[in-house]
Each structure stands twice: as structure tokens, then as C-alpha cells.
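**Q** Put together the whole structure using the sequences plus the hints.
Heads up: the sequence lines are chains A and B, in that order.
Just so we're aligned, residue 1 is where the first sequence starts under my numbering, counting upward by one.
Just so we're aligned, residue 1 is where the second sequence starts under my numbering, counting upward by one.
What the hints contain is simulated information worked out from the structure, not anything from laboratory work.
One or more hints might be untrue.
[Stated by the list, open to error] With a Cα cut of at most 35 Å, we get these calculated DSBU-like pairs of lysine-lysine:
id: 1; chain 1: B; residue 1: Lys-104; chain 2: B; residue 2: Lys-69
id: 2; chain 1: B; residue 1: Lys-70; chain 2: B; residue 2: Lys-107
id: 3; chain 1: B; residue 1: Lys-107; chain 2: A; residue 2: Lys-13
id: 4; chain 1: B; residue 1: Lys-104; chain 2: A; residue 2: Lys-13
id: 5; chain 1: B; residue 1: Lys-104; chain 2: B; residue 2: Lys-56
id: 6; chain 1: B; residue 1: Lys-107; chain 2: B; residue 2: Lys-69
Please read these numbers as outputs of a predicted model, since none were measured by experiment.
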Amino acid sequence: ETGVTQSPTHLIKTRGQQVTLRCSSQSGHNTVSWYQQALGQGPQFIFQYYREEENGRGNFPPRFSGLQFPNYSSELNVNALELDDSALYLCASSLDGFGYTFGSGTRLTVV
Amino acid sequence: SQQGEEDPQALSIQEGENATMNCSYKTSINNLQWYRQNSGRGLVHLILIRSNEREKHSGRLRVTLDTSKKSSSLLITASRAADTASYFCATDSQGGSEKLVFGKGTKLTVNP
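**A** See the structure below:
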């Protein structure tokens, strides 16, 4: 049984650019959630995908968007990057919203 | 927004001592979970306690939940240097809720 894999592990982007982060969910899981964790803070919910449909969204602007694929892997896209988008982005998968398994995260730095 | 607060924000103890961290939350919950995070890495699930439970044990971990006070505590007994990490509580308000709501965490340092 594989865990949750996120790529890349680290990324540096320039303000105004776009970024795509990827997440492979744990085998048997059909739900993927994305969280943003700023330095020194707890993770904040961005959105969740269940069976390829968005299933709940946190207080993030529309330039944060996502996708879930038929194999339940997922992407998080952020357009028009801002300095405040610098954070650790965590992906968590679950089966029907129960029993979350987190990946190791992608550290995004916007300069 | 954060659901609640962990207390203390930082805790430094000696190896062998017990560490107690507290978590308060704001809304009614279905269950509460504690997670551990090493140095900006991913979150590791430690323990889940349901809203109808008052206490739960797992190895050196003991979690209590007081829904009337909307608070929980995590006790780590006989701490080890390897327990050094940040600890977060997270709540979900309904069964199969679409999100976990995290506190700001307690940074625990266990000195050898």
C-alpha cells in the first residue's frame, strides 16, 4: 500500500507566475484535500475533491484551482502568484472523507 | 480561519518528563484528531477521539476531550528527544466533513 506522494518537494517561483502542484493519493482513497500552511501556522483548508468534483472550498480566491483525475490523483494550480502564497502545501487523501493520510508537502517560495 | 488554539504555543521539557498540550475549539464537532509535524514536513496522524468519547490512549499518548468546554488535551508520557515536533489538533464538524480545521500548534522541544 503506497502513501500520499507530492511533487515537487520544493519550488521557487516569481511573483505573477503560475504553478501546478501534484498529489498522488493513497491506494484505495477517492478523496483529496489540499491545505496551505504558512510558516508558524496551522494548515488552512483550500478545497477538497471527491470523485473528480470539487466538494467544499475554503476561503481562498479563485486563482487557486484544482483538478482530480480518474485515478484520484490531483493537481493544485495557483495563478498570478503573490508573495503571501509562499507556504507549505499539503495534500491529504481519504476514503469518503474518513481517515486522512497526508503527504510530505510541497514547499513553495514566491520571490 | 483557525478553529481554535493550542496552548502553550511552545513547550520545552527534559527527556523523561511528561508533556501536556491543550486545544480549544469553537464549534460543535464530530471528532477531534491530533497530528504531529516534524520540522515543516507532512502531518502524521496520532490519535482520533470521537465526540462521545472522553478519553483515549495509544501507547505513550493520552487524549481527553471535554465537549462542554470545547477543549482537548494531549499528554505524552515519558517523553523522548524524538518526540520533538509541532503538534496540532484538528476538528471536523460533521461525519465525512469536507475539511479539517486546525489550530496553530504547539512546538514541543524535548531536551536530552
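**Q** Against each hint, give a clear statement of whether it holds in the structure.
**A** How the hints compare with the structure:
1. Restraint check for Lys-104 (chain B) and Lys-69 (chain B): the C-alpha separation of about 19 Å stays at or below 35 Å, so the hint holds.
2. About 21 Å separates the Cα atoms of Lys-70 (chain B) and Lys-107 (chain B), which keeps this hinted pair within 35 Å; it holds.
3. Among the hinted pairs, Lys-107 (chain B) with Lys-13 (chain A) is consistent with the structure: their alpha-carbon atoms are about 29 Å apart, no more than 35 Å.
4. For the proposed pair Lys-104 (chain B) and Lys-13 (chain A), the alpha carbon gap of about 26 Å is at most 35 Å, so the pair holds.
5. About 22 Å separates the Cα atoms of Lys-104 (chain B) and Lys-56 (chain B), which keeps this hinted pair within 35 Å; it holds.
6. Simply put, Lys-107 (chain B) and Lys-69 (chain B) have alpha-carbon atoms about 23 Å apart, close enough for the 35 Å limit, and the pair holds.
Hint check: no violations occur; every hint is consistent with the structure.
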